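Take a look at the letters that make up each chain.
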Amino acid sequence: MTKRKQHQLKGSSLWSLTYAMSSLRNYPIRNMGIALVLAIGISLPTTIFVWSDTGTRLVVHDYFDENTYQLALTLKPNALFDWTRTQELIDAAEAHPYVAYLDRLVSTVGILQNDTLPEWDSYDILGFNYRDGIKDMRTIFVDNNLLGNWSRDFTYEGDFTLSSGEILVSQGFIDYTEEVHGIKLKIGDQIDFDVIAHEQRYSGSNDRNTMNVLPYENFTIVGVYDLIDLGSLIADAFPSVPRKNWDPFQLANDLVLGIRDSIMVLKEDIGKGNVTEISERSYFNSPLLIRTSQDALLAAGAPNVATNLVTFKSQFEEEYPQYSVAGLTGIWELQATIDTYIQSQVLTVIIFPILIMSLMLTIYTSETSVSRRKGEISALRAKGASFNQVFSTFMWESLMLSIIGLGSGIALSFILAPLVGSTVDLFVFDMAAFVRYLSNISIPLVSIVIAAVIAMYLPAAYLLHVAQRIDVSEVGQPMDTSADESAESGSIKRYGFGLGSVLTFLVLLPIIIEPTGFAAVGEILVTTLILFIASYLGSRTMRLVTARVSGGTAFLLGEKALYLSQSLRKRKGQFMPLLVILTLTLTTTTMMLVQTESFKATLQSELAYAIGADMRIESDPKPFSFNETLLRFPGIVDAMPVVETWGQVSDNRFFLEAVDPLRYAQIGKFSEQSFVNNDSFTVLSALDALPNGIVISQYYADLWNKTIGDHLLVYFGGLNTTQVTSFQIVGIALSAPGFGAASTDDLAGASFAAQFGFQAGQGGFALVNIDYLSSITGITEAELFLVDTVCYVDMTPIINSLEEEKNTHVYSVETFNIDEQSSSIRLFLSGIQGLTTIAYLLTAAMGLMAIALFLGSAVLERKSEYAVFRALGGTQRQVISMVFGEFAGTIIAAISISVILGFAFGFALSIMTFGISPFSPVLNEVLAYPFQMMLVTIVAESAVMIAACYIPAKRAGSVNPATALRNL
Amino acid sequence: MVSTEETLDLYGAYPDDVVVSVENVYKIYKKSDLEVVALSGVSLQILEGKIMCVVGPSGSGKTTLTNIIGGITKATVGKVYWANLRTDITKQSERVLTEARRSFIGFIFQVNNLLPHLNAWQNVELAARIAGVPKKIRQERVNRLIKLVGLEERKHNKATTLSGGERSRVAIASALVNLIDTKGKGLVLCDEPTGDLDPETAQRILELFKELNETLGTSFFIVTHSQQVASMADVTIEIRDGIVSGFHQKGIDLDELGGTRIVKLDNNYRLPMPVDLLEKAGNPTEFKISFENNRFILEPQLGDVVDTVRERKARTCRVCGSEIAQGKFICSNCGSTV
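For the protein sequence lines, the chains are U and R, in the order given. Under the working numbering, the first residue of the first sequence is numbered 1, with each subsequent residue one higher. Under the working numbering, the first residue of the second sequence is numbered 969, with each subsequent residue one higher.
Among the hints, a few may not be true.
To be verified - For lysine-lysine, the following BS3-like pairs were computed, each having C-alpha atoms within a straight-line distance of at most 25 Å:
hint, chain 1, residue 1, chain 2, residue 2
1, R, Lys999, R, Lys1042
2, R, Lys1042, R, Lys1103
3, R, Lys1103, R, Lys1115
4, R, Lys1047, U, Lys374
5, R, Lys1248, R, Lys1178
6, U, Lys10, R, Lys1232
7, R, Lys1296, U, Lys10
8, R, Lys998, R, Lys1018
9, R, Lys1248, R, Lys1232
10, R, Lys1059, R, Lys1042
11, R, Lys1047, R, Lys1059
12, R, Lys1126, R, Lys1115
13, U, Lys374, R, Lys1126
14, R, Lys1018, R, Lys1232
15, R, Lys1248, R, Lys1018
16, R, Lys998, U, Lys10
17, R, Lys1059, R, Lys998
18, R, Lys1018, U, Lys374
19, R, Lys1103, R, Lys1126
20, U, Lys10, R, Lys1103
21, U, Lys374, R, Lys1115
22, R, Lys1256, R, Lys1218
23, R, Lys999, R, Lys1018
24, R, Lys1115, R, Lys1104
To be clear, the hints were calculated from the coordinates, so they are not data collected in a lab. From a predicted model like this one, the values you see are computed outputs, not experimental measurements.
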């Protein structure tokens, strides 16, 4: 028996995608909220990577901008020119991946000619040429490519490009010409000149006929130039010749034939053959200048830019010993800045709480959103949608949201990274720096990968949560499901005790385990975890406290008190996450403010200690009696010279800092931690009492197994000889004002003093008596003076007056410019301040979004409750004030607990932040609580949040009881 | 797209006009240690082009039965035959059931299950879109159904702006959108379709059911408490405590079910006793049964005959310590159950 069997409808494979897209359109606010919160999470680590990558590129770019060439290869004075070998070198250099281009600079002597000027018969480069009416100059053979490369290095009038028959002249050449011939050359004038292509160097003849002289006529001056930096490799490539031009008794030599006394002419006007001859046989070497490729160097790894360049330089030095290789000045400063950028990437850990908060909020909102759509799922299932279809609908939705979040997160980091880079102080930005960062923005691949991984968190969470939700959804459920929760009756004491225990652990953590290096990173991560636990426990405590307080305010609130107290106890599913998020938001803000200000305060304390006194004067050697000169300045109370010389015990080298101990005790900004077991006055009095006394570092005391009273044989530098003396140890130092750490080996990273340039180099220092050292060495001059001033004096005029003298630098805490003197510290500080600022903005945004999402959805779910209130006779105003009171209560609870938590976490994290910074403080960290700033920021944040509650409260008030109850 | 093919009919025992057959179905829900028997040995057949109503008190298992017929819930024991699959669906996978359901069963619930962000036309179209019906056919069907349910004027209105009756019409059209071309072998499962409608609107919806039933030949299985609904059914079944306690032909009166009730032996030769009759007889628990003059005669027994064989003794309540009388299982003092 057969029967007809119907074919089934297999279902549309594209429906899920189209429905997901329409769903995104239909719930724009909810979906955009999820995507934006996710975007914030994604943007945070990306911002740090974009900032450090862009910053690194910018400093490298600046370095390459300031240095047209990085290397200069010049034939050594006694080396013979070998064309084959030179060509080999040029080929090797040009083929090297690090080389962007190479310029061979050919020049020789040219002699200015004119119809009115006498012909010359003989020429001696070192002769009295000006007296003899011969105006010679360096003639440089260029092409427009070379001029293009040089355009940044020269200032010029007219053009800096050449056509055939045109010539560029230097301002110096014009000046000398006027001096020699009384002619003032200008743009548009025509000149003739002879080029000496072939010097008769070995025949000894100066006769014009023995030289290969090439005459050139009617060249029009089209530009007048001057080299900007006379210390650059271009200047070095065309060194001046010091010469007496007028008579043998001339007092000073004139500097001639250098770049400042030159003309430039096109190679093609001279002829290729002539240029080749000149390059081989002219008066001057033809140095090779190399510009390296910044892209290739960055591609080889930003951390290795300096090392790679130095290795590259060494390769040439080894392979071509007849050439001397110059260049790479300032490369280590560049590397230090790059390293600070790279090390600053570890700052990612301090924004971990915000990252996790955003992910938590993302998942919670999406989870809430899915659970609110149970009715929709049910409807879809009733209409024939299979489990897979519904599932893939949600997965498509999450995927699209994660892609939107990824795009927005990366876009957000393109705004935030320049903000970090342009931070001058908390909430203060340099617009020019912002624009510069923005226009040079670059994003490393690794951060895109990290961002994508974070973005995938949303679909992954959907995968777990949504699958469950779909599975439990039954066909035929109503569209609106509102769960009624019973009031929570937890114990305040229990949560309070939990919170107290967690905070105690937090405060003890950095004390028990010293936060340095990886331990610090680990502790910050643990602290992040504790932050979440504390926020949760704090939120629960505060919810119950607020509920109790509300319950006890019946005399104020009337019947509303009952509603508020019960409502605050109820709905923990809705309000707890909101409370936790808000607590986290406000705590993080407070915590980061404390962290930043503490770093800044520590920086100031380290700066004062590194400078060592009210004023620090560094100069060329001055007699000790300069002290007396200083004391004549109004406002200067005391001053003392410091003699610094090298010292050595066995293989350990350090500096001997010779001071007047009692004066030093008065002038120096000592700390309790300066000396081991003794205060500064006791130790320095002991040093004063014993002429051959010495204060050594704890590190060396341990290394040499010496203690107070022991003798130490020290080799040290005298005036011109090495001397040796037995010193007796009178004290052990950890550090001292003005000299930094007593032993740099004690520090995990570079000391702040080293960053400011005041750390005693090599292995540290030891303190000795200046009188004793002076008497045995004969040293009577010092390069360092420490000065004590009256506290109210304005030191600026004194500083200006002292700095008028050449090579004299005066430092004080008030006038020290960290930006100029220590770009690495500025960079790290700017990183912390920038991150704090953006963290503040982002957490505030997240807080507001959380309020909008949670309270918005709470109002939606409780429509019927409000409708009942209205139906029972409550006015719209009453509903608004009741709901606003409830919501604002939640915010106030969050603020109250977060201030407490903020202080505790600020304390712990401030200490830990030093552990991850590339610099080690010599003194204890200074914890700073910027109460005013905290008050302003928290009040502002809270005001905005409380104000934001009014919107959902207003919506609650506008619920139409007729509609709400009809659709119940 | 619906098409047909010739296949070997393994379920040939069922007549051609059977749309769904439920055979000796049990449904037991387990919640932690507690087992709830929702259906106990239910058997029935839904016939092509007929309207079957289910009546019974709340919690009697009506919705469970609907879900089992619709393949949403699987029966713990028993068979459910779908004419389109020509097989027992209790052994089929979720995927097969979903695909088979699309062109065979439509759902109408009291809550309507309309998506608020879609308009009436889109709500009707949604099921066809999910099923993958080509656009042209889909549009033609939706237009036809919208016209049939009289919503042409309101088709562009969002679901939230429609009245209760209009929403019901949309739900009906939506349930039929994939069944409309199945040449009669379709079933609409309705759970309280007129529950939240006023009698006048409800009447109009019922007339629409009837009209659709007659014009499209679609079968209806309706769960209801309403006399209005039950009175238009071809067959009504009574369900109580998970057991089908009676069948009724057309034109029943819910207040006088005893007058039209027919009881049917289940697969285990058990006969459900109508509760109203039991109440009339003083809730006897034991009967003497005999067959005389072509009639079964049940005589209620005074006293518990079967229990006389059990040794009776007084017991003490474990909760309050009071004495519980012989044969009683509930403490008269504290209400605890023994």
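A quick look at each hint next to the structure:
This hinted pair checks out: lysine 999 of chain R and lysine 1042 of chain R have alpha carbons roughly 16 Å apart, not beyond 25 Å. A distance of roughly 33 Å separates the Cα atoms of lysine 1042 of chain R and lysine 1103 of chain R; the hinted pair therefore is violated under the 25 Å criterion. At most 25 Å may separate the alpha-carbon atoms for a hinted pair to count; lysine 1103 of chain R and lysine 1115 of chain R meet this at roughly 18 Å. For the suggested pair lysine 1047 of chain R and lysine 374 of chain U, the alpha carbons sit about 30 Å apart, so the restraint of at most 25 Å is broken.
A C-alpha spacing of about 36 Å is found between lysine 1248 of chain R and lysine 1178 of chain R, which places the hinted pair above 25 Å, so the restraint is violated. For the hint linking lysine 10 of chain U to lysine 1232 of chain R, the alpha-carbon distance of about 39 Å lies beyond 25 Å, and the restraint is violated. Among the hinted pairs, lysine 1296 of chain R with lysine 10 of chain U is inconsistent with the structure: their alpha-carbon atoms are about 59 Å apart, more than 25 Å. For the hint pairing lysine 998 of chain R with lysine 1018 of chain R, the CA-to-CA distance comes to about 34 Å; that exceeds 25 Å, so the pair is violated.
Between lysine 1248 of chain R and lysine 1232 of chain R the alpha-carbon distance is near 21 Å, which keeps this suggested pair within the 25 Å criterion. The hinted pair formed by lysine 1059 of chain R and lysine 1042 of chain R meets the criterion: a straight-line CA distance of about 9 Å does not exceed 25 Å. Pair hint lysine 1047 of chain R plus lysine 1059 of chain R holds up; C-alpha atoms about 9 Å apart against a cutoff of 25 Å. A threshold of 25 Å between alpha carbons decides the hint, and for lysine 1126 of chain R with lysine 1115 of chain R the separation of about 17 Å falls inside it, so the pair holds.
With a C-alpha separation of about 20 Å, the suggested pairing of lysine 374 of chain U with lysine 1126 of chain R holds against the 25 Å cut-off. Of the pairs offered as hints, the one joining lysine 1018 of chain R and lysine 1232 of chain R holds, with about 20 Å between alpha carbons and a cut-off of 25 Å not exceeded. For the proposed pair lysine 1248 of chain R and lysine 1018 of chain R, the alpha carbon gap of about 34 Å is over 25 Å, so the pair is violated. A hinted pair counts as satisfied when its Cα atoms are at most 25 Å apart, and lysine 998 of chain R with lysine 10 of chain U does not qualify at roughly 33 Å.
Taking the CA atoms of lysine 1059 of chain R and lysine 998 of chain R, the gap is about 20 Å. The hint holds against a cut of 25 Å. Pair hint lysine 1018 of chain R plus lysine 374 of chain U does not hold up; C-alpha atoms about 33 Å apart against a cutoff of 25 Å. Proposed proximity of lysine 1103 of chain R and lysine 1126 of chain R is supported: the alpha carbons are some 21 Å apart, at most 25 Å. For the hint pairing lysine 10 of chain U with lysine 1103 of chain R, the CA-to-CA distance comes to about 15 Å; that is within 25 Å, so the pair holds.
A hinted pair counts as satisfied when its Cα atoms are at most 25 Å apart, and lysine 374 of chain U with lysine 1115 of chain R does not qualify at roughly 31 Å. A hinted pair counts as satisfied when its Cα atoms are at most 25 Å apart, and lysine 1256 of chain R with lysine 1218 of chain R does not qualify at roughly 33 Å. Between lysine 999 of chain R and lysine 1018 of chain R, the direct Cα distance comes to roughly 36 Å. Violation of the 25 Å bound is thereby established for this hinted pair. For the hint linking lysine 1115 of chain R to lysine 1104 of chain R, the alpha-carbon distance of about 17 Å falls within 25 Å, and the restraint holds.
The earlier numbered hints that this structure contradicts are 2, 4, 5, 6, 7, 8, 15, 16, 18, 21, 22, 23.
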